[in-house]
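Colleague: Each chain, written out:
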Amino acid sequence: MFKSLKLRGAITLIVCLAALYFLIPTFIPNIPSSWNKYLSKEKIHLGLDLQGGMHLVLEIDTDKALEAMMERTANDLKESLMDSKVRFRNLEKAKGTAISMELTDPDGKTALENVLRDKYPDLEIDSASPREGGQLVTLKINDKRAAELKKLTVEHSLETIRNRVDQFGVAEPEIIPEGDNRILVQLPGIKDPERAKNLIGKTALLEFKIVDDENSLDEALRGNIPEGDIIAYGLHADRSSGERSSTPYLLKNKALLTGASLETAKVQISDRFGNPTISLTFNSQGADDFERITGENVRKRLAIVLDGVVHSAPVIQEKISGGNAQISGNFTLDEARDLAIVLRAGALPAPVNVLEERTVGPSLGSDSIQQGILATIIGSLLVFLFMIVYYRLSGVVADIALAIQILVILAILAAFRATLTLPGIAGMLLTVGVAVDANILIFERIREELRAGKTARLSLDTGYDKALITIIDTHITGIISAIVLIFFGTGPIKGFAVTMIIGLLASLFTAIFITKVIFDYVTWNFNIKKLSI
Amino acid sequence: MSMELIKPGINVDFVGKMKYAMALSAILIIVGIGSVIYHGGFNLGIDFAGGSIIQIKFSKNVSADSIRAAFKSTKLENSTIQQFGANEFLIRTSESFSDQKTLAVNVEQPLTAAFSKDYEIRRVEVVGAKVSSDFRSKAIIAVILSWLAILIYVAWRFEFRYAAGGILALVHDTLIVVGAVSVFNMEFTINILAALVFVIGFSINDTIVTLDRIREIVKRNPKQTLGDIINLAINETLSRTILTSLTVFFTLLALYIFGGAVIRDFAFALLVGTVAGTYSTIYIACTSVLLFENLKISKMKRNK
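Taken in order, these protein sequences are the chains called A and B. Taking this note's numbering, the leading residue of the first sequence gets 41, the next gets one more, and so forth. Taking this note's numbering, the leading residue of the second sequence gets 1247, the next gets one more, and so forth.
Watch out, some of these pointers could steer you wrong.
Claimed, not checked - Computed beta-carbon distance windows for the label pairs:
no., chain 1, residue 1, chain 2, residue 2, range
1, A, Thr563, B, Arg1461, 27 to 37 Å
2, A, Thr563, B, Glu1366, 57 to 67 Å
3, B, Ser1319, A, Gln308, 51 to 61 Å
4, B, Asn1324, A, Glu358, 54 to 64 Å
5, A, Arg129, B, Ala1359, 55 to 65 Å
6, A, Ile512, B, Asn1324, 10 to 20 Å
7, A, Phe566, B, Ile1279, 58 to 68 Å
8, B, Ile1279, A, Gly229, 41 to 51 Å
9, B, Phe1406, A, Lys43, 31 to 41 Å
10, A, Ile51, B, Gln1328, 48 to 58 Å
Said to hold, decoys possible - The list that follows gives simulated cross-link-like pairs (lysine to aspartate or glutamate, EDC-like), each with its CA atoms no further than 20 Å apart:
no., chain 1, residue 1, chain 2, residue 2
11, B, Lys1465, A, Glu489
12, B, Lys1465, A, Glu142
13, A, Lys494, B, Glu1366
14, A, Lys231, B, Glu1366
15, A, Lys135, A, Glu172
16, B, Lys1465, A, Asp505
17, A, Lys359, A, Asp374
18, A, Lys180, A, Glu119
19, A, Lys506, B, Asp1458
20, A, Lys118, A, Asp101
21, B, Lys1253, A, Asp101
22, B, Lys1306, A, Asp407
23, B, Lys1376, A, Asp183
24, A, Lys43, A, Glu82
25, A, Lys231, B, Glu1462
26, A, Lys506, B, Glu1462
Stated by the list, open to error - Here chain A is said to cover these stretches of chain B; the calculated rule only asks that three of the stretch's residues, wherever they fall, bring their Cβ under 8 Å from a Cβ of chain A:
no., stretch
27, 1279–1288
28, 1354–1368
29, 1372–1382
30, 1387–1396
31, 1410–1417
32, 1449–1460
33, 1530–1541
Hints were generated in silico from the structure; no laboratory data involved. Everything numeric in this text was worked out from a predicted model, so none of it was measured. Positions of the beta carbon are idealized from the N, C-alpha and C atoms, including for glycine.
Given only the sequences and the hints, what does the whole structure look like? Please build it.
Modeller: This is the structure in structure tokens:
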């Protein structure tokens, strides 16, 4: 490599100083602020298994979102076809994302095609078969558009979840898309995992619907639901007994206004029991709509429906202008606060399923850190001692290199914001093993050369030369298996693989380069004839 | 005089004992496979089988039976309850607790009823069916991919006859570790898989070192028989092989003893892998080079 010992010594020194520089924030907690601007800010980033927190893999049910969209499209299409005087019957959303209908005119298909071309470019005719006096037609959304919509749904969900988590106030959350329709959420240091999960996973679709008091609820409950109506339930908890009961409502299915028209949502304590309510403020378009809707439906009941559950259904006394409304219900303060957050952040465009959840409590995390550090210290000490006992002063040289290696690994973790996990600590320990192996390879070679009668200097150089290629081999195979694990791994395992790669690269430098610098320095300056090995 | 565990000039006839080694390996692998069959397949952890684990620490002495009694007539009734350190238990169920409130109803309420507030839920992991089946296929791909990657590297660095021996050793080590996990009825988790992939990368190290030495001696004394060369190479590198394995073994032992219950299985698999890797280097990788060579010679003779 480099012949100049001075240059090699300088490189070694620079590496050590750089490692210390990046480790200052991790090991010295209270740095005077006047020093702060000269220092790196990055502490070693601990994985969720070490600091506690929650790891979630969510699946966005994009198929459901698409189905809901087709449901709406089917309703719109009905109106468009009536406007264009195309005669049809039994138009409905069929299985999956298809729309089926019967055209009752012989030339209905051409008319339908015209409407589709003008207003519904995303829809195409999937199949058409003749029926007496007309045709049976199924429509589907074209594949390219469907894929596009699914992608948009995932992006929108990601954005919404990000907003919610930001407003919830988690330090350094990670929210990353994974694959086609999955989202990875990592929330370090979360204290109440159930609450966080509820906040993230709630669809939070807020709808205002009119209660249908003209038709009989009882009749509807018996199964005769009037066209365009649905049954929804309101949940009530009895204040004294805590018993939960549900009340059915017959609602007009069409949502007059949704959460999309909200400007903001806030928690207010206004109820005489000190119960929190959520006050909603509509944006200007929403406020106009709300004024018009309340004006048109005076003395009817307006149901406030959240994710299909009726929260309240007050009677509209008069036209409400000003764009304010309230949701009351049996909320705890936390529930109300979380509801306000999800309403502000907006509804998720699709239902979310939790595919994987891993929660580690902070106490387990700190236990793991302590045990990991203890194992590292004892393991390293054993190795250090062994090297000194077995290789005397040469063992000391190897130990110095090992200590530098551990520092360099930690410094690189800090500098590149890589995550240290519990398996990562094990990985670090293992790379220490591999680095020791490199030195053992070199030292055994040197011993062989010495036994063959060569001088100390020559044995050193030949020992290093002959061992080099083997050492590189052992490091490369280690790195290969670590790379395989990076492709496979989830959090902690990825941490293991990353730490292994960093450790192996560091070991190449410390176990070969730094030990040789020390040997050369000592043998040249003190004119050593006999190696302590 | 420097300290030497293995004296220079040592000359053990490893190649001569090949038959016994092969028999031992075969027995170990058969025991492992037998154990897998006996246990009705692998004891897959939730990563690969789906389900939930809940780690609970009690602030006083509690028996597994009293916990089981507390969980009577909840969804955790048929769960596995395993002691996991002092006053700490790991509860495993195939139920997936991903919908909320389930945890409260099935875990917190019964526990509070039985033990009041003297407990702490320290870890909850839930893996759904989709993710676990993803993990299963990914795990198989990861193991095969690491075999292939190492095979390609070794084949590129050496000749194929060496590489084949190395890969045989890898497959051997993988089977031994998997067998040990099954014999001790440990759960096959992602951590075990990571250990397995590491063992694959690590156990090839010794093999490369020894193969390098074989090549070096072949260049030095091309007239020697391959059996003698292999024996010489193993003996010359024996000191290093044993020393390295010992140091790694001790660091892993530290991890196994002090690293805590969360990582104990991982450390165990690595320990087994290290021992298997050292053994397979000497007996499987090197001697199979000879085996392949003999096969080739006998084939050539037959073809004549």
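Colleague: If a hint holds in the structure, say so; if it does not, say that too.
Modeller: A quick look at each hint next to the structure:
Checked against the given bound of 27 to 37 Å, the beta carbons of Thr563 (chain A) and Arg1461 (chain B), roughly 30 Å apart, stay inside it. Look at Thr563 (chain A) against Glu1366 (chain B): about 58 Å separates their beta carbons, and that is inside 57 to 67 Å. At roughly 42 Å, the beta carbons of Ser1319 (chain B) and Gln308 (chain A) sit outside the given window of 51 to 61 Å. Separation of Asn1324 (chain B) from Glu358 (chain A) is about 59 Å and conforms to the stated range, judged on CB atoms against 54 to 64 Å.
The hinted window of 55 to 65 Å between Arg129 (chain A) and Ala1359 (chain B) holds, with their beta carbons roughly 59 Å apart. The hint said 10 to 20 Å for the Cβ distance between Ile512 (chain A) and Asn1324 (chain B), and at roughly 53 Å that hint is violated. Between Phe566 (chain A) and Ile1279 (chain B) the C-beta distance comes to about 59 Å, which sits within the given range of 58 to 68 Å. Under the hint 41 to 51 Å, the C-beta atoms of Ile1279 (chain B) and Gly229 (chain A), about 45 Å apart, fit the expected range.
Range check, Phe1406 (chain B) to Lys43 (chain A): Cβ separation about 39 Å, and the 31 to 41 Å hint holds. About 51 Å separates the C-beta atoms of Ile51 (chain A) and Gln1328 (chain B), a value consistent with the hinted range of 48 to 58 Å. Of the supplied pair hints, the one linking Lys1465 (chain B) and Glu489 (chain A) holds, its CA atoms being roughly 18 Å apart against a limit of 20 Å. At roughly 86 Å between alpha-carbon atoms, Lys1465 (chain B) and Glu142 (chain A) are farther apart than 20 Å, so this suggested pair is violated.
Between Lys494 (chain A) and Glu1366 (chain B) the alpha-carbon distance is near 65 Å, which puts this suggested pair outside the 20 Å criterion. Of the supplied pair hints, the one linking Lys231 (chain A) and Glu1366 (chain B) holds, its CA atoms being roughly 13 Å apart against a limit of 20 Å. At most 20 Å may separate the alpha-carbon atoms for a hinted pair to count; Lys135 (chain A) and Glu172 (chain A) exceed this at roughly 24 Å. For the hint linking Lys1465 (chain B) to Asp505 (chain A), the alpha-carbon distance of about 17 Å falls within 20 Å, and the restraint holds.
For the proposed pair Lys359 (chain A) and Asp374 (chain A), the alpha carbon gap of about 32 Å is over 20 Å, so the pair is violated. For the given pair, Lys180 (chain A) sits about 18 Å from Glu119 (chain A) by alpha-carbon distance, which is consistent with the 20 Å threshold. Pair hint Lys506 (chain A) plus Asp1458 (chain B) holds up; C-alpha atoms about 10 Å apart against a cutoff of 20 Å. Of the supplied pair hints, the one linking Lys118 (chain A) and Asp101 (chain A) is violated, its CA atoms being roughly 27 Å apart against a limit of 20 Å.
For the given pair, Lys1253 (chain B) sits about 67 Å from Asp101 (chain A) by alpha-carbon distance, which is inconsistent with the 20 Å threshold. Using a Cα cut-off of 20 Å, the hinted pair Lys1306 (chain B) and Asp407 (chain A) holds, with the two alpha carbons roughly 18 Å apart. Restraint check: the Cα-Cα separation between Lys1376 (chain B) and Asp183 (chain A) comes to about 24 Å, which exceeds 20 Å; the hinted pair is violated. For the hint linking Lys43 (chain A) to Glu82 (chain A), the alpha-carbon distance of about 36 Å lies beyond 20 Å, and the restraint is violated.
Under the criterion of a C-alpha separation no larger than 20 Å, the hint pairing Lys231 (chain A) with Glu1462 (chain B) is inconsistent with the structure, at around 61 Å. A C-alpha spacing of about 10 Å is found between Lys506 (chain A) and Glu1462 (chain B), which places the hinted pair at or below 20 Å, so the restraint holds. Residues of the stretch 1279–1288 of chain B with a Cβ under 8 Å from some Cβ of chain A number 0, which does not satisfy the need for three, so the listed coverage is violated. With 3 residues having a beta carbon nearer than 8 Å to a beta carbon of chain A, the stretch 1354–1368 of chain B meets the requirement of three or more and the stated coverage holds.
Under the rule that three or more residues need a Cβ within less than 8 Å of chain A, the assignment of the stretch 1372–1382 of chain B holds, with 5 such residues. As drawn, the stretch 1387–1396 of chain B meets chain A at 6 residues by the rule of a beta-carbon pair under 8 Å; at three or more, the given contact holds. Look at the stretch 1410–1417 of chain B against chain A: 0 of its residues bring a Cβ nearer than 8 Å to a Cβ of that chain, fewer than three, so the hint is violated. For a cut-off of 8 Å, the count of residues in the stretch 1449–1460 of chain B with a CB near a CB of chain A stands at 5, and the three-residue condition holds.
Note: the stretch 1530–1541 of chain B has 0 residues with beta-carbon separation from chain A under 8 Å; the three-residue rule is not met and the coverage is violated.
Violated hints for the displayed structure, listed by number in ascending order: 3, 6, 12, 13, 15, 17, 20, 21, 23, 24, 25, 27, 31 and 33.
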